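From first to last, the protein sequence lines stand for chains A and B.
The letter at position 269 of the first sequence is residue 269 when you use UniProt numbering, and the numbering goes up by one with no holes.
The letter at position 79 of the second sequence is residue 79 when you use UniProt numbering, and the numbering goes up by one with no holes.
To be clear, the hints were calculated from the coordinates, so they are not data collected in a lab.
In this text, all values refer to a predicted model and were calculated from it rather than measured experimentally.
All the given hints hold, so there is nothing to weed out.
One side of the interface only, derived from the structure: several residues of chain A facing chain B at Cβ under 10 Å:
1) V79
2) G109
3) A116
4) A128
5) R133
6) E140
7) V142
8) L149
Example chain A residues on the side facing chain B (calculated, C-beta under 10 Å, incomplete):
9) L89
10) L120
11) F125
12) S132
13) P138
Beta carbons: idealized from backbone N, C-alpha and C, even for Gly.
Next come the chains, spelled out residue by residue.
There are 2 protein chains.
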Amino acid sequence: MSHPSITDYIKERASLIERELAAYAPEEWHIPAVLKDAMTYSLMAGGKRLRPVMVLAAAEACGGSVEAALPVAAAVEMVHTYSLVHDDLPALDNDDYRRGRLTNHKMYGEAIAILAGDALLTHAFYSASRASRLYGVPAERVLDIIEELAVLAGPRGMVGGQVADMQGEQGLTQLAELEYIHLHKTSDLIVFSLKAGGRIGGATERQLSALETYGRNIGLAFQIQDDILDVVGDEQKLGKAVRSDEKMQKVTYPYFIGLEASRLKVTELTDLGKKAVRDAGFQAPERLLELADFLTERDH
Amino acid sequence: MSHPSITDYIKERASLIERELAAYAPEEWHIPAVLKDAMTYSLMAGGKRLRPVMVLAAAEACGGSVEAALPVAAAVEMVHTYSLVHDDLPALDNDDYRRGRLTNHKMYGEAIAILAGDALLTHAFYSASRASRLYGVPAERVLDIIEELAVLAGPRGMVGGQVADMQGEQGLTQLAELEYIHLHKTSDLIVFSLKAGGRIGGATERQLSALETYGRNIGLAFQIQDDILDVVGDEQKLGKAVRSDEKMQKVTYPYFIGLEASRLKVTELTDLGKKAVRDAGFQAPERLLELADFLTERDH
Numbered sequence: 001m002s003h004p005s006i007t008d009y010i011k012e013r014a015s016l017i018e019r020e021l022a023a024y025a026p027e028e029w030h031i032p033a034v035l036k037d038a039m040t041y042s043l044m045a046g047g048k049r050l051r052p053v054m055v056l057a058a059a060e061a062c063g064g065s066v067e068a069a070l071p072v073a074a075a076v077e078m079v080h081t082y083s084l085v086h087d088d089l090p091a092l093d094n095d096d097y098r099r100g101r102l103t104n105h106k107m108y109g110e111a112i113a114i115l116a117g118d119a120l121l122t123h124a125f126y127s128a129s130r131a132s133r134l135y136g137v138p139a140e141r142v143l144d145i146i147e148e149l150a151v152l153a154g155p156r157g158m159v160g161g162q163v164a165d166m167q168g169e170q171g172l173t174q175l176a177e178l179e180y181i182h183l184h185k186t187s188d189l190i191v192f193s194l195k196a197g198g199r200i201g202g203a204t205e206r207q208l209s210a211l212e213t214y215g216r217n218i219g220l221a222f223q224i225q226d227d228i229l230d231v232v233g234d235e236q237k238l239g240k241a242v243r244s245d246e247k248m249q250k251v252t253y254p255y256f257i258g259l260e261a262s263r264l265k266v267t268e269l270t271d272l273g274k275k276a277v278r279d280a281g282f283q284a285p286e287r288l289l290e291l292a293d294f295l296t297e298r299d300h
Numbered sequence: 001m002s003h004p005s006i007t008d009y010i011k012e013r014a015s016l017i018e019r020e021l022a023a024y025a026p027e028e029w030h031i032p033a034v035l036k037d038a039m040t041y042s043l044m045a046g047g048k049r050l051r052p053v054m055v056l057a058a059a060e061a062c063g064g065s066v067e068a069a070l071p072v073a074a075a076v077e078m079v080h081t082y083s084l085v086h087d088d089l090p091a092l093d094n095d096d097y098r099r100g101r102l103t104n105h106k107m108y109g110e111a112i113a114i115l116a117g118d119a120l121l122t123h124a125f126y127s128a129s130r131a132s133r134l135y136g137v138p139a140e141r142v143l144d145i146i147e148e149l150a151v152l153a154g155p156r157g158m159v160g161g162q163v164a165d166m167q168g169e170q171g172l173t174q175l176a177e178l179e180y181i182h183l184h185k186t187s188d189l190i191v192f193s194l195k196a197g198g199r200i201g202g203a204t205e206r207q208l209s210a211l212e213t214y215g216r217n218i219g220l221a222f223q224i225q226d227d228i229l230d231v232v233g234d235e236q237k238l239g240k241a242v243r244s245d246e247k248m249q250k251v252t253y254p255y256f257i258g259l260e261a262s263r264l265k266v267t268e269l270t271d272l273g274k275k276a277v278r279d280a281g282f283q284a285p286e287r288l289l290e291l292a293d294f295l296t297e298r299d300h
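Make the full structure from the sequences, and use the hints.
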């Protein structure tokens, strides 16, 4: 059997994740209809499902089971989705569209969007907690995963990055500030995804540390690539207005160090991430290595 | 040593909880200052800390350690606090004051209030997850606690109740609808508190089931008492405008069955709750029994 391309691998894993997400709330659960609709609207809005794919890829790199990693993969997508729903709110980014569809609050109103976000965040912890009961992942490991999710998605992690980003809109003066934002707003959840997958797959401490280095570097590279695409990208491919950051007077990586140096930085970070993975003795590191290139070579 | 009154018991346990809450974010953690301030502002705003006291009381009823129950007690107060911060937002209840102080969004703006609520909710799961690492509570038990927190605070629980409440403002026609709101908006977190404390204390299945019955009944009684106080209570004691529900044209228990029948219902539910606890063979059920009376005899 030939080795499927990384694009096919991502598609195939994403479809497993879609199936897992689609089953997040069984029929017999009593949830007010509008709440369930609003949660489902944003959860099933598509996207490449990159974070949950990373959970599965890290589990597989350790020789672990894809199935056992699905509840945590779904959890990370729920956290990512809630963060988008809340970020889009009028009090925050005030966006009317995301991925070419109306944002949650434009569909359901602000109150329901706030509560649907809250519900998705809470339900993420439910989903993650089930890995033990459903697939026999040792309770200690699942608890470590939950603790780390709370750290990396919480005030020291993603929410902290979001607050710094908001404040940065009033004027960033240093590259270090922008890097703080990128690391927490983007890398933290990627680092979580990789380490959680690793834990499920039985990663050694050395491998967990390599996954952290890999995640931090490719997360930052991914975000710098996003900044670059926002300057040079093609509007149609991206499905959103380009130069929106510039219009919002938002400071990006190219603003500080220029386009060419930003591109070099992406390559450098990607290489650092891949090296960490290569040196950590994974059973099957290929997909992680391919994913790093896929993420930073994308044009949308 | 004489048996301290239930009021003294609550005060003493609440002070342990205050200390635990005050330490929620060590100095060395890097959290944007405004985010930490906003989280602390609402978390340390006082209140009787009834839910976390219930965690401790249930653990003690089983002969368990108060100390080991503190991380989960703090967690439930964080969840309660986040729910108040989000409920107060302009898009929801649009309240300017709570407990005589400006609400979070009046102090810090809507964006920070939304994110501070998100951070408190996420951090609650961090706090709960630490019970194992810090106090040796078996990981399986902590995982059960986390799963139940996610259920009872999530779309099937508290958030579901909140959505039903919002929709109910457009006109409830049946008592069953109001009961659904009360049970989920209020009882669910109380049930969680009691069962989580029970699990930490090593409760049997029969005791967990008794704690659920007790929590469901006194939670509903507590909420009906709240409805009653809103009709007849004294403005100064309550520290908020009475008859606010009526002004908002909000439907309450007395609206459906009258004041006297509502009072009888409170007594009946309290008795049912106490009976469940009495019959379940707890090592030290006294505080739970006293708590039930304290909650429903309060005049503010």
